[in-house]
Structures are given as C-alpha cells and as structure tokens.
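Student: Below are the chains, spelled out letter by letter.
There are 2 protein chains.
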Amino acid sequence: MAGHRLAKFDIGGTSMGRIITNDGPSNIRPFLEPDSIALVGVPRRTGRASFNILETLLTCGFPGKLYPVNPNADSLLGVKVYPDTDSLPHGIELAVIMVPRDMVLGAVRGCARRGIKAAIIVSEGFAEAGKDGQSLQVEVVEAARATGMRLVGPNSLGSMNNFLPFSSSFLPPPPVKAPVALVSQSGGFLEGFSDFVAGKAIDLGNTCDVDFVDCLEYLETDPDIRLIVLHIEGMKRGRRFLDIARRVSRQKPILALKTGRTGAAARVIASHSGSLAGQDRVYDTAFACAGIMRVKDGDELSDVTRALLHLSPLKGNRIGIVTPTGGCAIMAVDALVQEGLELAQLSTQTVEQLREYFSKWAPPKNPLDMLSAGMSFGYKKVYTACLQGLLDDPEVDAVICIAGWPTVKTIQETAHGKSKPVVTWVQGRWTGEVSARLEDTGYKTAYPTPERAARALSALRQYSSWKNRYK
Amino acid sequence: MAGHRLAKFDIGGTSMGRIITNDGPSNIRPFLEPDSIALVGVPRRTGRASFNILETLLTCGFPGKLYPVNPNADSLLGVKVYPDTDSLPHGIELAVIMVPRDMVLGAVRGCARRGIKAAIIVSEGFAEAGKDGQSLQVEVVEAARATGMRLVGPNSLGSMNNFLPFSSSFLPPPPVKAPVALVSQSGGFLEGFSDFVAGKAIDLGNTCDVDFVDCLEYLETDPDIRLIVLHIEGMKRGRRFLDIARRVSRQKPILALKTGRTGAAARVIASHSGSLAGQDRVYDTAFACAGIMRVKDGDELSDVTRALLHLSPLKGNRIGIVTPTGGCAIMAVDALVQEGLELAQLSTQTVEQLREYFSKWAPPKNPLDMLSAGMSFGYKKVYTACLQGLLDDPEVDAVICIAGWPTVKTIQETAHGKSKPVVTWVQGRWTGEVSARLEDTGYKTAYPTPERAARALSALRQYSSWKNRYK
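Protein sequences appear in the order of chains A and B. For the first sequence, this note's numbering assigns the number 2 to the initial residue and increments by one for each residue that follows. For the second sequence, this note's numbering assigns the number 2 to the initial residue and increments by one for each residue that follows.
In short, the hints are calculated from the structure, not lab data. Just to be clear, a hint being listed does not mean it is correct.
Where chains are identical, the list cannot tell them apart; a pair therefore holds if satisfied intra-copy or between any two copies.
Unchecked claim - The calculated lysine to aspartate or glutamate pairs, modelled on EDC-like cross-linking and capped at a C-alpha distance of 20 Å, are:
1) LYS361 x ASP133
2) LYS382 x ASP36
3) LYS361 x GLU143
4) LYS297 x GLU340
5) LYS445 x ASP36
6) LYS445 x GLU434
7) LYS445 x GLU56
8) LYS419 x GLU396
9) LYS178 x GLU434
10) LYS366 x GLU440
11) LYS361 x ASP103
12) LYS316 x ASP223
13) LYS382 x ASP393
With the hints as constraints, model all of the structure from the sequences given.
Tutor: Here's what the structure looks like:
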C-alpha cells in the first residue's frame, strides 16, 4: 500500500511538462549567508508601503555589501547605484532580481557574466502564469544552468536569516534568532504565523531550481538550526526528498505544512507556485515513512515547534495532571486520550506522600485536583508538592499542569533541571497581557487550551519514538 | 434514530440514585443580581492567596450590602461580622455558604430561618465524594426545598455578574461587560478561557437544585445577555432542557462545551461534579435538535462567540477572499472547503471593475491575490477596491480577508456599515502586541489562522440557517 502510494509521490515534478533537477553538490549557502548582494531592478521609491528591499536591508542592519542596480538613479538612501549588471564588480555572492518578467532572462545572463553564482528571482509571471510563463521559466533556468548559477524562485520573496541579519524580502526579518528554519513555497509565511517564527527562511516560489532537497541537505549541517519546517504546495524529486528527509529527521525534527488538501485549493496552487498539489493521502504516507511530522495549521505548527525545541524526549504515554479545577482536568483528560496518550496511575509512594494534603473523601489520584488542599495548606506549597510528586513518580512519563499564569513561575522552578516533559495549560483568559508576561518568564511550553497542550505532547512522543528507532 | 438517542438523554439525572427537580417558576435572580449577601463561614485570613470572598467583593466594588458570618471575628476589612446566621437581619437576598461540609446543613437551615431564599454552597464533599456525600447532599436539598430556598452547588464557586459588579468566587470578576452568559459545571471557567470572557456566569457545581433549565429560563429574557454558553458535564431534566433550549436558541445563540467525551474523562466527572457524562453521541443529536451549537475547545468557543456577536447573519456558503499572498490564500481555501463552505465565483461585473489593477496573465479571480497590484497602484487603494468589489458582488456571501495587522484598519473602514460578514486572518506572527493593537482598534473578528476564521464563518452560517427556519 505504502509502496503503491509512494509511486505517485513524484507527481509534482512532471506538472510543467519538463523536469529540471540539479543533482550536483548542494551549493545554496549564498542564499542564506550572503556577504554581498546585487539588487537588480531595485525601485527608486522608498518609505512607507514602498516595499523597497534596499531599505529593508539597510534598516535591519545587514553587515555585508549592497549593489543596487537601476538605470534611473545614481544613488539611493546613500548607497551607490549601478546603471546595469555589466557595471557591477566581480565577486558578488547573491543577486536579487526584481525586474519585469520580460527582462529577467537578460538580468540572469548579466549576473552570470559578473560571476554571480546565486540569484533570487522575485519577478512574477512564470510557471504560475500559463504557457508563455512556463516557457520563459524554462529558458531562464537553462541560461542559469549553463553557467552553474543556482536560482531561487521565480515568484519568490527570497530568503531571510535573522542571525546575520539579512532579508531579501521587503518584509523586515523578525528580530528572533530562533533555531528553526522554514522552507516555504510562499513568501506569506516569512514573517511567521500564529506563534511561530523562523530564524532562517527560504521562499522557493515556483521552485524552478533550488528545491526542498537542496535545502534539507544544507540545513542538515547548519549549526544554527535545530528544527526544520516545510511549507509544501507541490513536490519535485519526491524520492530523493524522502531519502534525505529520512536521514535528516533522525537528527533534527522536520515538520510539514502541506497545503492544497482540497480540490478547490489544489486548483489555486496551479496559478500560485505552478505546482501540482498531488493526492493528499500520498503525502500522509510519504511523510510517515520519512519521519516527517505533518501539522495541519499554524497553531499546531507553533505549538509543536515549542514542545520539540524546549522539552526532553517523551519516553511513554502515561500523563499526570496537576490542577486547581476539576472541570478543566476533565477537558485535559479528554484531550490527552484523543491524542493517543493515557492518564497515568500514580504509584503508591506518590499517593502516600501527598495524602496529608487531601481530605479523606477525596484522596490523591490523577488528575491531582489541589484547590481545597491549596486553600488549607498554601497554594504554592501544595502545587509544588503535587508537581514534584508526578515528576518523581516512575509511573508518570510527562505532566500537564493546569494553572493560572501566576503559578507559571512555580511550575518553571519545580520542573527546572528535570528530564520529564512538562506542559502548562494557562487557564483563564489568554490575553495579550498573558502572552507578554509569559514571554518575560521565558517559559515556552505554555498553551491556551488543553487540546493544544496534549497535541504538543503527542507530537513530542511521536518524534521521540521515531528517533528511538534508530538508536 | 434521533428519537432513540434522545431517549437516553436523561441519563445524567438518575446518576445519584435520586432525582430532585424543581418545577416551580424560575426564581434565580438573586444568584446573579443580589442586592445583599450573607457570607457564611468567610475566612479571617485576607491578602494574597487567601481566597477571601469578602475581599473580592470589596475590591471589585460590589454596590450592595455584605453580611460576613464568622464566630471568631467582630469585623473584617472594616465590615461588621456576625457570629452566626441567627444574628443576621431579615431581608438578605443571597447566602454564600463556605463552612466545612458537616456544618452545611445547619447553615442552610439557619439561612432559611432568616428568610434567605437563595444560597450558593461552595463547600465540597457531597455528591462528588461517594455515598456519604451523596446522602448529605439529598438532606441539604430537602431542607432547602422545605422552605422554598433555591440552591446553587454544592462544590461551586457560585456566580458572577460584571455588570453589577459581583462575584461570589474568590476570583475577581473580569472587568468586561460582555453580553454573554456562561452556565458552567466547573468554577474553573469563570475567569474565561482562551479568548473568551463572560459578562455573567454561574458555576452549577454538583447541580443539586438550580440547573441548566433554570438558567436558560432566566437568561432568555435577560436584556444584558445576547449569547449563552453552557459548559456541561452531565444533564438532568434532559427533555425539558431541550424544549427550552429549542425556544431560546431562536432568540439567542446557545453554544455548548460538553466535556467527558472519552471514557477516562467520564470517570473523572463522577468524582468532580458527581454527574454522569452520558453517551457523547447522544449529546450531538440532542444539541442538533435544539439548535445548540457544540464547540470542542476554548479556542473554538472564543472564535465562534466573537463571530456571532459581531457579524450579520451569513445567508449563503459562497466566500470571497482578498489576500496579499497566494500561499496563504490556498490555506484559506482548504479551510473553508473543509468547513462546508465554498469558494465564490466572482460576477463578471466585479472582474471587469478590478481588471485595471491586475496583469494580463493573472486577471482577477477569487481568491483576489492583490500584492503585485498593490505594489504598482498603492497597497491600501487596491486592498480597498478588492474588498469593496467582494462586498458589492451578489455572488459572494461573506469575505475572508488575509492581511497583516496594519491593514486591519482599512478592512474595518471598508466593511463598516455593510451587512455582509467579513472575517480577517491576521497573517504574520500573532504576538501579544498584535492582540493589544487589535483590541485598540475594537476589531473583533480577527483570527490567527485561516482554519479558525473559516470555522467561525461556518458556525455563523449554521446559526443563520437555524434562525431562518423559524422566520
């Protein structure tokens, strides 16, 4: 079954009538770590809503050299402007090409003549725009290939590296050095989404040359990156991708957001990145074989990313719960059972240890509902004792804490240095104020609902099992 | 099938061996709008983590009279303390009883002697705590019933009314006069959850007397309340509940969060509110028959509440999309199709009207991907034209806007005064800052993912259809 499905996994690659692959060594460093950039076709307009890439690079503090190209300006924002690509000096690492589509081929050839080996094509109107655009795209790729130049795009916002910092997009790079790379087929995700933000990102756009395989090969050994996120509309070089993903995912978790699940969305994809969406269930199978974890939306992506980055491996399914409210505990139990986890049975030792705090008609059991005990013996004291008990209990693999935000600090202190995963449902209203306060504490595995907390633990369990297979 | 299932809907009522129902007129006003409150068994401790209800009431600014009862204090926080219930004056509307469980019966009788007709029993150890507790609960109810006293609880944090303001819980009432009532079987939800907050709330706890039926009857005509949320663990008087819900839901939307979906959680419910969870699918059927909309978690509850409060009815399934990013539009299309909605086909008039902004190889179609056009003709101008086009198009029933937060103001202005529902996926990273900024604009139907935006529209559609049936 899996084999049969996987046979279809290359479907995206044949979509445009001609597959162009690059089987040479991965050479995409300049897209993420350029020391010098030519900006071919940079607009003269600057300021609010001008989308000027030169301005973004200057504002964000890009430490390398910039070479704007525009025939109608001598200088822009204090930077010397070159009239054409032939005037550029040799030795520039990256070109960002943003001229109208009919001038792209000339610009690529011009950059190649100056020895540039990497170019991002921002311009639109290629494989996503009918037959003419498709032919044009093939011509551009052939021109680049003839000189050994690698291409990202066309129809791309390019790349971003907050560690440098650098961004070829008109969007300023978010000031977060997250150890997370995003490889996307849309520029719309470069700013992050939901709670997620990448430290490095590439928008592959139409994916005419540099593709998911190249990026995985590069990111495999990138010391800044601990987790890789893929936003996939369609897939070329499917088999090679799976081989490499299977290898990389043992070192670094790979999360995939595959869009175009429905027929209506798949039709839109064809006119977006020019890809074929493929059969959605084929992707499920392929991802499972390669250890890629599929997420279905931005909330899940953020939630799971935080769990994988900040928690130790989850060695089993047995979950303990500390809670000041029984009603919320019931929701957490529903959530964890629906995620394939189970409610732990506390060991006798834990029960005995906590018995003194609990009334005789409600002895300690999982979930540990500690409100009455806390009102009698001190809230913080009892909460700490309950969490400590679960962390020490050999029958418990991980803990879901239910707590108002003031208790987060107690949880953080108690869980510190323990190898057992702890997630917190921050109960009560989740406002901007709560987000900000959590950010202050640096506590990363807090979630606004029990479903999201349990889902994050479940993903952690999935990844822990995957890694364990290859130990 | 539905009839067969509904026959089981009263299951929760028989759980404790004895059903006690009240079929008299609904008389629960004092629980939500008390002018005077006796606090029986108020603790002497005050300050941080003391959970002192008197302190909460004084701090929040409750405008009525307070009568603390404690044999070991003469005054507390400047308020005269009564040694026992027999010393209380006549004419007090509500008692909050928080003595140890063995003293509850005496306190109820004492309050009854002073003519108090409504009491919240905060104390624990009743139906949720085995046979002894169950018998005790029956005794308490019989004592109250003999005098015409209504009871909320036991094992309850009581009630809250931010319009007054008033809260019988040790949690201060959130300072939000939301036109939303919450009837809950857990106090854990009184503070709100996810993005949701109630303006009035009752925690029914073990639901020994006042129940969902009483609350629906009261809230039906409460002019402060436009939407009702139920957190249900188990249900007594199921048939009567459905009859009343069917009537009320035509006037005010009713959302239900039914917990205890899994066996493990159902077992925990028995020791929480002493209810039986019942078969989960029975609830699905029952809710559908009564026009109650079931939500599965706190995020969905918040999202749907905001859509129902702030949007006009949704008259059809055809959704238009405005977007600066094709990749995000594809996710929105997936989301709306999976929610049973569909991508609208734009009318010729709309296409013609917008054609001037779009390139010849990518003419306007739904989703309206406006980035290139915006970069050429002005972002705000094009975004406004696209949204305006969709709002005027008779082939479009509602709009999903995809936008960075700075565009929210443009959306708000353009959609203002239109009867067509517009929701916005605020694209990019959703931080505390974004929440705060959105709060400043007063824009209520912004969502952090397209799935949540589409789900909110789908719920709006469901409620619009339900109401329409009875026109």
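Student: When Cα atoms must be at most 20 Å apart, do LYS382 and ASP393 count as within-copy, between-copy, both, or neither?
Tutor: Intra 16 Å, inter 61 Å, cutoff 20 Å: intra-copy only.
Student: Given a CA cutoff of 20 Å, do LYS361 and ASP133 count as a within-copy pair, a between-copy pair, both, or neither?
Tutor: between (79 Å within a copy, 12 Å between copies)
Student: Checking LYS445 and GLU56: alpha-carbon separation at most 20 Å within a copy, between copies, both or neither?
Tutor: Classified as neither: same-chain Cα gap 33 Å, cross-chain 33 Å, threshold 20 Å.
Student: One pair to classify: LYS361 and ASP103, alpha carbons no more than 20 Å apart. Within, between, both, or neither?
Tutor: The answer is between: 14 Å across copies meets 20 Å, while 81 Å in one copy does not.
Student: Have a look at LYS382 and ASP36 and pick one of within, between, both or neither, based on CA distance no larger than 20 Å.
Tutor: For LYS382 and ASP36, neither the intra-copy (55 Å) nor the inter-copy (37 Å) Cα distance is at most 20 Å.
Student: Since the copies are identical, ignore which copy is meant and state whether LYS445 and GLU434 lie within 20 Å (CA to CA) inside a copy, between copies, both or neither.
Tutor: Both. Shortest intra-copy (15 Å) and inter-copy (17 Å) distances satisfy the 20 Å Cα cut-off.
Student: Reference check for the pair LYS419 and GLU396, CA-CA at most 20 Å: within, between, both, or neither?
Tutor: within (15 Å within a copy, 58 Å between copies)
Student: Under a CA distance limit of 20 Å, which applies to LYS361 and GLU143: within one copy, between copies, both, or neither?
Tutor: Close neither inside one copy (79 Å) nor across copies (25 Å); limit 20 Å.
Student: Are the CA atoms of LYS178 and GLU434 at most 20 Å apart within a copy, between copies, both, or neither?
Tutor: Between copies, since 19 Å is at most 20 Å while 23 Å is not.
Student: If the cut is 20 Å between Cα atoms, do LYS316 and ASP223 qualify within a copy, between copies, both or neither?
Tutor: neither (27 Å within a copy, 52 Å between copies)
Student: With identical chains treated as interchangeable, where does the CA-CA distance between LYS366 and GLU440 reach 20 Å or less: within a copy, between copies, both, or neither?
Tutor: neither (32 Å within a copy, 41 Å between copies)
Student: 20 Å Cα cut-off: does LYS445 pair with ASP36 within a copy, between copies, both or neither?
Tutor: neither (33 Å within a copy, 44 Å between copies)
The structure is inconsistent with the numbered hints 2, 3, 5, 7, 10, 12, although it conforms to all the rest.
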